[in-house]
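Position chain H against the provided structure of chain U, taking the given hints into account.
These protein sequences, in sequence, are chains U and H. According to the numbering used here, the first sequence holds residues 2 to 340 in order. According to the numbering used here, the second sequence holds residues 2 to 340 in order.
Hint data in this document are derived by calculation from the structure and do not stem from the laboratory. Not one of these hints is a red herring.
Given that identical chains are not distinguished, each listed pair holds provided it fits within a single copy or across any two copies.
In silico DSS-like cross-links for lysine-lysine, where the CA-CA straight-line distance does not exceed 27 Å: (1) K137 <-> K274; (2) K273 <-> K322; (3) K25 <-> K136; (4) K3 <-> K145; (5) K191 <-> K257; (6) K25 <-> K273; (7) K259 <-> K191; (8) K23 <-> K273.
Number of protein chains: 2
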Amino acid sequence: MKQKLTLIGFGTVGKGLCEILKDKSQRLNNSYDFDYEVVAVADFAYGNVYNPNGLDIDLMLEQANAKQKFTKDLSELDTVSLIKECNADIVCELTYTDLQTGGPAIDHCKAALSTGKHIVTSNKGPAALFYPEMKKLADENNVKFMIEGTVVAGTPIINLTDGPLGGCEISRIRGILNGTTNYMLSEMEKGMAYDDVLKVAQDLGYAEADPTGDVEGFDARGKVTILANIVMNAGIKIADVSCEGITKITLEDIQKAKEQNARWKLIGSVEKKDGKVIGSVAPEMVDLSHPLAGVMGATNALTFTTDLLGDITIVGPGAGKIETGFSILTDILSIHRSQ
Amino acid sequence: MKQKLTLIGFGTVGKGLCEILKDKSQRLNNSYDFDYEVVAVADFAYGNVYNPNGLDIDLMLEQANAKQKFTKDLSELDTVSLIKECNADIVCELTYTDLQTGGPAIDHCKAALSTGKHIVTSNKGPAALFYPEMKKLADENNVKFMIEGTVVAGTPIINLTDGPLGGCEISRIRGILNGTTNYMLSEMEKGMAYDDVLKVAQDLGYAEADPTGDVEGFDARGKVTILANIVMNAGIKIADVSCEGITKITLEDIQKAKEQNARWKLIGSVEKKDGKVIGSVAPEMVDLSHPLAGVMGATNALTFTTDLLGDITIVGPGAGKIETGFSILTDILSIHRSQ
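The following block holds chain U by itself, in its conformation from the complex (with noise of 0.2 Å):
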């Protein structure tokens, strides 16, 4: 069956997409009796195309990795009129991520789910800021609302709770979210002190120029908020979560944990507590012999508290353009295998 794809960015998880897509086609064939078409695509920098017998990605891949403009099947239609214009079954929202307004890919999806076409998405915004209201629309359309990509990249948390632990009742989750602090806290074990670290992350490119929302715990919170509204359907926004970076940590506060046996983590947390759904973000002295202080550098890791199985922790990357981009594949073979 083949499912036919709108992709609205083609930026690093949007052309990451496209090369999965390629390199696997046979064996997704194979396996799932899985086909596609890539219809339109939206991009700011090299501009709107549609073409409902299917694009010529190659070219297209070639033009924006030489920076240059797309030339075939240009399209006049803005990107919220071709989204909902197109023919296009499932819709890749893959631009940037605005914790603030969630625009412009709250538009899209809108757009999107109101015609009738899937979302599948890695951008935090639309989830964080609005999942309830996603989800309420998605349903009333009888399409779906994926966003795996939004929390720790292509490892699979939000595919793995609602399938191969879907009987399960999790009460409580708790992670390492943020690759950036993660690396930044391992490499002051060593005994480098706060600022050089984050001088040494900006330089390898895991800290941006302002640090604020990865060292500030912002980009935790909005997972942390993802997390509370699809896993344990808490309708809690943002503000909702406590949150503490990391910028207080001090190699004295390392050297302490180190002697207790533990290490310092920025813990992600949601617990279920009193039938109210409680989210924080902190950094904690983790426990050597807890799965997650084991995790070191950029990875990523959640711990599952489930009534049947007890912990269940998964460890993985967290960010990357073909990470990100295998969580947009793995929710477009979730929604093909359902259908």
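Same frame as chain U, but now just chain H:
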């Protein structure tokens, strides 16, 4: 939709499954439109019973817990005939594991699959000895042979690799597949010698009076064979998997590993090499920076090396009445949700 179940074996796992189904019925109905009825049970100790309209599970649990034979809906049919003639959609094979012959479970699996009934099993015998044959028989009859519980109880392994990781190519699996030996190695780190630790493990019920199956690595070897065949389609036999247990590990070895920032683990491994799949079980010194090194006590864990996500590690329980019962539920739900 109602799934009609037949349970072969009404011991720990069978009773655990019934308890979970009773506790969860409302939630499973709300979430997945899942309803069930147990139509037949065959147990060596309690007798064979059949009622095409559903058995009285509360009464049966009461009788089995009191070690009394079943009294209601008794059937004259032997177990294989009962499997063939009952009106079940899914047969749960929950008898004891025999890694030499696979019997009697293998006859139960054949009877079910050949009469168009799905098999869900936590029995390592048929899975480790005859996976390719069972898969073929299932495919021919358009039903499934589901074996999540044969590896690491209900911790999602097979449903994870087939589900959320389905888009990845897995080139290597390395894991702690036996809780008893992992408990023993963890305790030896505290300074207790092998023979003393084995005695404690036996007292705690982790190890059996004849501990060979665990300490010589045979249990782990069965699981490696299953993983090789189901995840990598290897078509290998138990005898193809090299196997060394932990009986030669001394306190000196443990100390030496510590000095090298490492820890001994009994590692089951499956790897694709030059087009061939190689399986092995052997003690290894695992560097403390690896997620598997931090897995202590009776807990199990597996690391999958993938093409798109790099390493994904999952950590969870490897045994237990409810944990294994859940593995059966998760496979039943997987069948249910794919319909």
